[in-house]
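*Asks:* Chain by chain, the residues run as shown.
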Amino acid sequence: MSHDHGHGDKPFLAHHFEDEDHQFDSGKLGIWVFLVTEILFFSGLFCAYAIYRSMHPEVFVFASKALDTKWGAINTCVLLFSSLTAAWAVRNAQLGQKNRLVMNLALTIACAFGFMGIKYVEYTHKFHVGLKPGDLYAPVEGAYPEKGHGHARAVTVALDHSADPEAHDVAHEAGAGEHPVQEAHAAAPEHAADGEHGHTMVPWDDPRVPTEIKNRLKIFFGIYFCMTGLHGIHVLLGIVVFFWLLGRAIRGHFTPTYYGPVDFSALYWHLVDLIWIYLFPLLYLIH
Amino acid sequence: MAQIDIPLSGRRAQDVPVQHLDTNYLNVSKGLLSWFLTLDHKRIGVMYLLGITGAFALGGLAALGFRLELFRPGMQYMTHEQYNQFFTVHGAVMVFLFIIPGIPAALGNMVLPLMLGAKDVAFPRLNLGSFYLWMIGAFFFLWTLIGGGLDTGWTFYTPYSSTLSSTAVIQATAGAFVLGFSSIFTGLNFIVTIHKMRPPGMTWHKLPLFLWGMYATAVIQVLATPVLGITLLMLIMERALGIGIFDPANGGDPVLFQHFFWFYSHPAVYIMILPAMAIVSELIATFSRKHIFGYKMIAYSSVSIALLSFLVWGHHMFVSGQSALSGVIFSAITFTIAIPSAIKVFNWLATIYRGSVSLETPMLYALEFIWLFTIGGLTGLFLSVMSTDVVLHDTYFVVAHFHYVMVGGTLFAFLGGLHYWWPKMIGRMYDEGLSRLASITAFIGFNLAFFPQFIMGSKGMPRRYADYKPDFTLYHQLSTIGTLVLGAGILMIVYTLVKSIFSGKKAPANPWGGATMEWECPSPPPHFNFEHPPHASDPYDMERVKWDEQVGGWVPVPGYQSRVHH
Chain P
40 MSHDHGHGDK PFLAHHFEDE DHQFDSGKLG IWVFLVTEIL FFSGLFCAYA IYRSMHPEVF
100 VFASKALDTK WGAINTCVLL FSSLTAAWAV RNAQLGQKNR LVMNLALTIA CAFGFMGIKY
160 VEYTHKFHVG LKPGDLYAPV EGAYPEKGHG HARAVTVALD HSADPEAHDV AHEAGAGEHP
220 VQEAHAAAPE HAADGEHGHT MVPWDDPRVP TEIKNRLKIF FGIYFCMTGL HGIHVLLGIV
280 VFFWLLGRAI RGHFTPTYYG PVDFSALYWH LVDLIWIYLF PLLYLIH
Chain F
-7 MAQIDIPLSG RRAQDVPVQH LDTNYLNVSK GLLSWFLTLD HKRIGVMYLL GITGAFALGG
53 LAALGFRLEL FRPGMQYMTH EQYNQFFTVH GAVMVFLFII PGIPAALGNM VLPLMLGAKD
113 VAFPRLNLGS FYLWMIGAFF FLWTLIGGGL DTGWTFYTPY SSTLSSTAVI QATAGAFVLG
173 FSSIFTGLNF IVTIHKMRPP GMTWHKLPLF LWGMYATAVI QVLATPVLGI TLLMLIMERA
233 LGIGIFDPAN GGDPVLFQHF FWFYSHPAVY IMILPAMAIV SELIATFSRK HIFGYKMIAY
293 SSVSIALLSF LVWGHHMFVS GQSALSGVIF SAITFTIAIP SAIKVFNWLA TIYRGSVSLE
353 TPMLYALEFI WLFTIGGLTG LFLSVMSTDV VLHDTYFVVA HFHYVMVGGT LFAFLGGLHY
413 WWPKMIGRMY DEGLSRLASI TAFIGFNLAF FPQFIMGSKG MPRRYADYKP DFTLYHQLST
473 IGTLVLGAGI LMIVYTLVKS IFSGKKAPAN PWGGATMEWE CPSPPPHFNF EHPPHASDPY
533 DMERVKWDEQ VGGWVPVPGY QSRVHH
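As you go down the protein sequences, you meet chains P and F in turn.
Count along the first sequence from 1, add 39, and you get the number used in the working numbering.
To convert, note that position 431 of the second sequence is 423 in the working numbering; the numbers rise steadily by one, no gaps.
Wrong hints could be hidden among the right ones.
[Unchecked claim] Not everything, but these chain P residues come out facing chain F in the computed CB check (under 8 Å):
| no. | residue |
| --- | --- |
| 1 | S65 |
| 2 | S82 |
| 3 | H164 |
| 4 | P172 |
| 5 | G173 |
| 6 | L175 |
[Said to hold, decoys possible] Cut-off 30 Å, straight-line C-alpha distance, at most; resulting in silico cross-link-like pairs (DSBU-like, lysine-lysine):
| no. | chain 1 | residue 1 | chain 2 | residue 2 |
| --- | --- | --- | --- | --- |
| 7 | F | K288 | P | K67 |
| 8 | F | K188 | P | K67 |
| 9 | P | K49 | P | K137 |
| 10 | P | K67 | F | K22 |
| 11 | P | K49 | P | K109 |
| 12 | P | K49 | F | K22 |
| 13 | F | K188 | P | K49 |
In case anyone wonders, no lab produced these hints; they're calculated from the structure.
Beta carbons: idealized from backbone N, C-alpha and C, even for Gly.
With the sequences and hints as input, model every part of the structure.
*Replies:* And the structure:
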């Protein structure tokens, strides 16, 4: 199939396109359609997050405090900077600045590794203290931060010991969802009542809170690992793509008339960045 | 006829275009690797065709297995668990491995660039990648069969699939996930190809209707399939790690899975039927020898079906505990889909009316399609009315309805398209008499298999039951006999087509008198299809071609000036 590239003087113009513009425009439309697909792919998780959080707001608010906002913020900056270098690389390619192109691609890759490194630190810590997804969830003593997070300790769960229907209303006023109330009612009837209506508001880490209710907190880590994990996989794919670009840039493949792959990969990278911009506040910064 | 072995371009201006080439896409290079590493859309189409035929055989055998079990009440030779596995494998394999990739990936790949006068799709490597994703998905399904089977039904409903079933759910969902991406990349490729690779003169309103249908399909593939992907990933996480999103015991909601699943799977129903309608539009015009009636209405109805398909998923969940208000809204939007569907049927009938109809095999399939699709479509209205759906939900009425649409519609249109483009694809004509007989056999078998299911469903026979009361015996026996007749018809079809490869007479470039571009290149086409893209004009101007006795096919009328069509 030696005729696959039928344009002798333009080594990267595929045989079935008329000219470079035709090829570039097709690629551009293709990557945009792909990004739409990606958004819909993630939309399922965002939708699940919204539904899950509206069902269990108190779980999300409390469990989110176990995430390290400092590392999350640093990672946001790292990704934003990598988006800058990726966009810059596109400009370098358009202007035929080979050395700067190589540098910006390398910087983008370095930032992506930085992001994954920080995620590794965060994940390792979570696994260390047992804040794992789903059935693996087994928090050790002190998995949730004690000091400096006064707000977190204020999030309470209602312990209810009577059949008093008012308990539901009170629990709602206190910001707790319906489910913990009912569960507590069913699961811990023998606890001494010390509230006016036969219920009491206690912090999540109060020893009187039954394990079944405490384990509700694992809901958050299931969705946290799914969302950040899938995002992380996209970052890893981006690293592979940018290494491929780097190799081609070093070999001098990209010219002012042929820079499509750099442009398209940068668009993909911006989307990965954008998704993180939504993940960070939704997971780390909720009150 | 003498072999003509000169470049296509050298004879373009002459009266009789090249009919055959000694070197075509099938024999331009040899060896298995030249197929497995090919970037040629036609070879990829042929490989898909082989693949989906294998999947169809597997799904068909599973159907035959449980239909034989249902021949008598009581259990004959299966356990209840095995019965569950048989109908699940039938559904999952037919949906994910056969119907969804069937027309777009196999026939679409073969024909779409040819209809555009293009050398290939926009992204040939991605196209080959889609095929390999399909293969990987198929291997996952084989792994499922070997590694414990699957008994969840093709819909993978939670909580059964996530916590209760002891079969290989993870392998199957992983397979469906990978197949989803195969479908997405095919759709992406087709969208870009139709946007960017149209030849000079082919405006959107001169686009053949097959391409309008493929375009509408591709939009659904690209927008709906990723949601299935993430849903299946969440199901895998749920089953493997117990993250709880679909599990009430962990604070989740199993109905959420149904919402997610049908948000994809209802549009997916139109991934199955839109390409079928697209084929039928071509067949009806060509074999009525008449300009298609209502071109724009057919084109836009495809697009409106694609858009409406995203707004009706809740009609699968009338009895799943969604609110009455959402039920009413979903029901109302579901009715509106009947409008573009009916527009198509009326336009096809208007095209046939006073056309000079010839009943060659592809046209037979097109007429059978109209008959079957109309029954399937009208019975769909019974199910979109909430009050009747509550009664008919999960009965054989539903089974009969969607088989009339998905098999009677999609399979028959697929076979019609296969017979229509077979001479282009293989370069040989099949035995016309035998293939007509096979088509009619399959049609009779199909109706015998599924019409009784409407009756027993309305009498209350639930779907997915391994056993039944003796009252239903007659209907089940008719249905099983029909299945056997349908199977015999399909074996005849396979025999006729395979025989034509070895002993069929050489096909001319344009055996049917079609006016779209794929008939302008030789049969089978050369590796690059067209040396230069032919100039596009009205794809349904049937006056452009005339029968040529000497060639044994249709040839362009020399110096023909197209009349202006509205």
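*Asks:* Please go over all the hints and tell whether each is borne out by the structure.
*Replies:* Hint by hint, here is what the structure shows:
Taken as an interface hint, S65 of chain P checks out: its beta carbon lies about 4 Å from the nearest beta carbon of chain F, inside 8 Å. The interface hint given for S82 of chain P is met, as the beta carbon of that residue sits about 7 Å from the closest beta carbon of chain F, less than 8 Å. A hinted interface residue such as H164 of chain P counts as satisfied when its beta carbon comes closer than 8 Å to some beta carbon of chain F; here the least separation is about 19 Å, so the hint is violated. Evaluation of the P172 of chain P hint against chain F yields a held restraint, the C-beta minimum of about 5 Å falling below 8 Å.
Annotation: interface hint on G173 of chain P holds; nearest CB of chain F at approximately 3 Å, less than 8 Å. Given the 8 Å rule on beta carbons, the hint for L175 of chain P holds: about 6 Å separates it from the nearest Cβ of chain F. The suggested pairing of K288 of chain F with K67 of chain P holds, with an alpha-carbon distance near 29 Å, which does not exceed 30 Å. With a CA separation close to 11 Å, the supplied pair K188 of chain F and K67 of chain P stays within the 30 Å bound.
Between K49 of chain P and K137 of chain P the alpha-carbon distance is near 18 Å, which keeps this suggested pair within the 30 Å criterion. With a C-alpha separation of about 35 Å, the suggested pair K67 of chain P and K22 of chain F falls outside the 30 Å cut-off, and the hint is violated. Taken as a hint, the K49 of chain P and K109 of chain P pair is broken in the structure, with Cα atoms around 49 Å apart against an allowance of 30 Å. Of the supplied pair hints, the one linking K49 of chain P and K22 of chain F holds, its CA atoms being roughly 28 Å apart against a limit of 30 Å.
For a cut-off of 30 Å, the pair hint linking K188 of chain F to K49 of chain P stands: about 20 Å separates their Cα positions.
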